[in-house]
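Knowing the structure of chain Y, use the given hints to seat chain X on it.
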Amino acid sequence: MYFHSGPFRVIISLLIIFAIGGCASTNQQQPPQLSPGKVAIVPARFVPESNLNVYAKGKNAAAGELAGQGAIEGAAVGAVAPLAAGPYGIALYPFIAPFTILAGTVFGGTFGATQGLMHGLPEQDARAVSAIVENALGRLYIQDQVATRVMEQARTSGYNVAYLPDPGPSTIKEQPEYQDLATDEYTAVLELAVTSIRFVAHKGDPPRLALEMKLRSRVVALSGSSVSGMRDFDYKSRPHVVEKWSANQGRLMEEEFNDGYNKLSQYICEIYFPIVNHQ
Amino acid sequence: MSVLPRKMIMLVIRFFFTPFLLVTVLLAGCGTTPTMYEAKSIDEPQPLLLGDNEVLITGKIIFIENGKSKAPYGLGRPNWMLLHNPDDLGPHLTEQMKLGGREIWGDLYIPFLSTEKDGSFYYIVPAGEYLMKDVVPFYYTPYIFPAVSFNATQPGKIYYIGTLSIDIDTTTVLGGLWGNYINTLNFLEVKDEFDSARQTILEKFPGVDKKIINKALMKRLPGNFPTLFDPLAGMEFLYIH
Numbered sequence: 001m002y003f004h005s006g007p008f009r010v011i012i013s014l015l016i017i018f019a020i021g022g023c024a025s026t027n028q029q030q031p032p033q034l035s036p037g038k039v040a041i042v043p044a045r046f047v048p049e050s051n052l053n054v055y056a057k058g059k060n061a062a063a064g065e066l067a068g069q070g071a072i073e074g075a076a077v078g079a080v081a082p083l084a085a086g087p088y089g090i091a092l093y094p095f096i097a098p099f100t101i102l103a104g105t106v107f108g109g110t111f112g113a114t115q116g117l118m119h120g121l122p123e124q125d126a127r128a129v130s131a132i133v134e135n136a137l138g139r140l141y142i143q144d145q146v147a148t149r150v151m152e153q154a155r156t157s158g159y160n161v162a163y164l165p166d167p168g169p170s171t172i173k174e175q176p177e178y179q180d181l182a183t184d185e186y187t188a189v190l191e192l193a194v195t196s197i198r199f200v201a202h203k204g205d206p207p208r209l210a211l212e213m214k215l216r217s218r219v220v221a222l223s224g225s226s227v228s229g230m231r232d233f234d235y236k237s238r239p240h241v242v243e244k245w246s247a248n249q250g251r252l253m254e255e256e257f258n259d260g261y262n263k264l265s266q267y268i269c270e271i272y273f274p275i276v277n278h279q
Numbered sequence: 001m002s003v004l005p006r007k008m009i010m011l012v013i014r015f016f017f018t019p020f021l022l023v024t025v026l027l028a029g030c031g032t033t034p035t036m037y038e039a040k041s042i043d044e045p046q047p048l049l050l051g052d053n054e055v056l057i058t059g060k061i062i063f064i065e066n067g068k069s070k071a072p073y074g075l076g077r078p079n080w081m082l083l084h085n086p087d088d089l090g091p092h093l094t095e096q097m098k099l100g101g102r103e104i105w106g107d108l109y110i111p112f113l114s115t116e117k118d119g120s121f122y123y124i125v126p127a128g129e130y131l132m133k134d135v136v137p138f139y140y141t142p143y144i145f146p147a148v149s150f151n152a153t154q155p156g157k158i159y160y161i162g163t164l165s166i167d168i169d170t171t172t173v174l175g176g177l178w179g180n181y182i183n184t185l186n187f188l189e190v191k192d193e194f195d196s197a198r199q200t201i202l203e204k205f206p207g208v209d210k211k212i213i214n215k216a217l218m219k220r221l222p223g224n225f226p227t228l229f230d231p232l233a234g235m236e237f238l239y240i241h
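Chains as they are written, first to last, in the working numbering: chain Y, 1 to 279; chain X, 1 to 241.
Extracted from the complex, chain X is given alone in its bound form:
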């Protein structure tokens, strides 16, 4: 087992090599661009207005770092990405994510999602099936593939998707100025806190009909497992190990 976190070693290497990588890859200019969707976040209490094919998804993401909850969050709020109607949810996604996850897409991808200070989130997104492609506290590497998906298929509904609790061991260098490294992903689970979430929804969206609040908890994808992954993995031929 390596003493220095692998990611720390790779960071040093990349510091020297990344300019070359950028030029090489940009010149290559290959591939197609999936469609990005910008989800609407609702922070302040307000009446809920959903479009024809839209749903509201809500839940929480709580990181437990070195035995302590990171919530209430400061700078290290969760940063996560969803795929809408993923191309496939077969039992090989974990392996593909370890290779960088570049072949896993859907008809839309929704990056740069975050949470409120307490870890809760409220986003208006298109109705459909979703895969959480990555989640990580802001300013941390490597990323986490949680291997969970959920269904939010009926437009006009509110979907509570659960509390994603993620226990990690980390190392901080120079008080976080030179990076925060996730050494191990210890445990990941989805908790059902529907009753308290429903109460919060009713307070946050005055006048909302209780009947449109559904529970659609995130579920682990059969044959897949949460894992740490490096988005540049699979490009190791460009790096010196």
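This is chain Y alone, in the form it adopts within the complex:
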């Protein structure tokens, strides 16, 4: 109780205040950037990965899977927790650890199984979700949908960009160097790859599903002062119950996909093609 009450928050605030000024160190890397010049926007050419999260596989599957994982994790936490008490914990470790490990195993296993049973989708819904995912994956041009929107928004903001559909990576691991494009006066390449599409089950009665899309952007500097690097973007839809997703021939899904494409392209443009810097 103590950890989450008002006094705890005050303590946290004090900690934060005292920590200002360099108590913590961070490793900061320069984020990828595009400098002014001709930029090639290149979509990936692979089909995004898809997997249901464990709650969307069905109650029984979720309970079994989470119970095992929970027990292992609980045991691990139980094993290291006494060490966190410093010299006292280390000195008393042989006496404390057996109890904390046992407690962690039992608690973690029970917790995982309960979570799976309580919040897993009913088996019938899980099958319906699988059908939805397969249908979604069968959609073509997912990669192009985002990249073309980025190109349009960037051009509207006055940037010099070109859309090149061919040279992008054909697998998630491939990272082309695009050196050929340097001779065409491109200063940088912005490669956009939707890496995964998932329907994630969220708690509720009945459970709800949300569409999640993950996008990897990669800047490859060819000349000028662009900074090469990668940055990830996520889109999460509002959660809906399964019936809503499948109603009206999947119209909601169409809308949420479109919203996802628009939001992702907006996020990308905010980072790489900001309006404020161009006015």
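Just so you know, these hints were derived from the structure itself, not from any lab.
Certain hints may be false.
[Stated by the list, open to error] List of simulated lysine-lysine pairs, BS3-like, C-alpha gap at most 30 Å:
| # | chain 1 | residue 1 | chain 2 | residue 2 |
| --- | --- | --- | --- | --- |
| 1 | X | K98 | Y | K263 |
| 2 | Y | K214 | X | K40 |
| 3 | Y | K263 | X | K210 |
| 4 | Y | K214 | X | K211 |
| 5 | Y | K244 | X | K191 |
| 6 | Y | K244 | X | K98 |
| 7 | X | K40 | Y | K263 |
| 8 | Y | K263 | X | K68 |
| 9 | X | K219 | Y | K214 |
| 10 | Y | K244 | X | K68 |
| 11 | Y | K173 | X | K98 |
This is chain X only, laid out in the frame that chain Y set:
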């Protein structure tokens, strides 16, 4: 993916380690203290009296927990914090908040803000630009960085800043006695309910001039995204993972 919420695991670790952390950090004694401002909350209907550089901000915060609205609120009312005239609103705040947010400040910070039972709030604060630094139902962890800001710059005005709707999945341990954990931040949006809010304002502040009621909805900061964050993040070197 971990079965046990990360925050739950960290709580166990911290139970053992926090006394050491407190001593270590307090002894270090580094840093400067930003200025705290205590906002005046108006709960009962009354004539509105604003100081020279003051505005009234109003809106709602509604948490949807595991598919159900938490309003009308009991103990788990929203607990939130504002920064006045933030130092910068660049596209890197989300990343900084994930590191604990200790470098993000303004000329004032206004902590411990809450809401009424229905999620609405009425606070008198200095005029200016504001960043909502964190928001969370009371007695929940980790915190939420909503990545929204608003402008309430003209003294003497009432600013409606919108309804912040936040959908979260949570896990409760021992009926909440040992904590409530936000597992995922599912969705966050700002809704425009200006018409009904204006009506409520007119009832709550008898005699108020309609012309001073402005709409200044919270907006997502470009390049930033709502995220869960741990205020102790960035101090992991002090913890065992």
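Broken hints, by number = 2, 3, 4, 6 and 7
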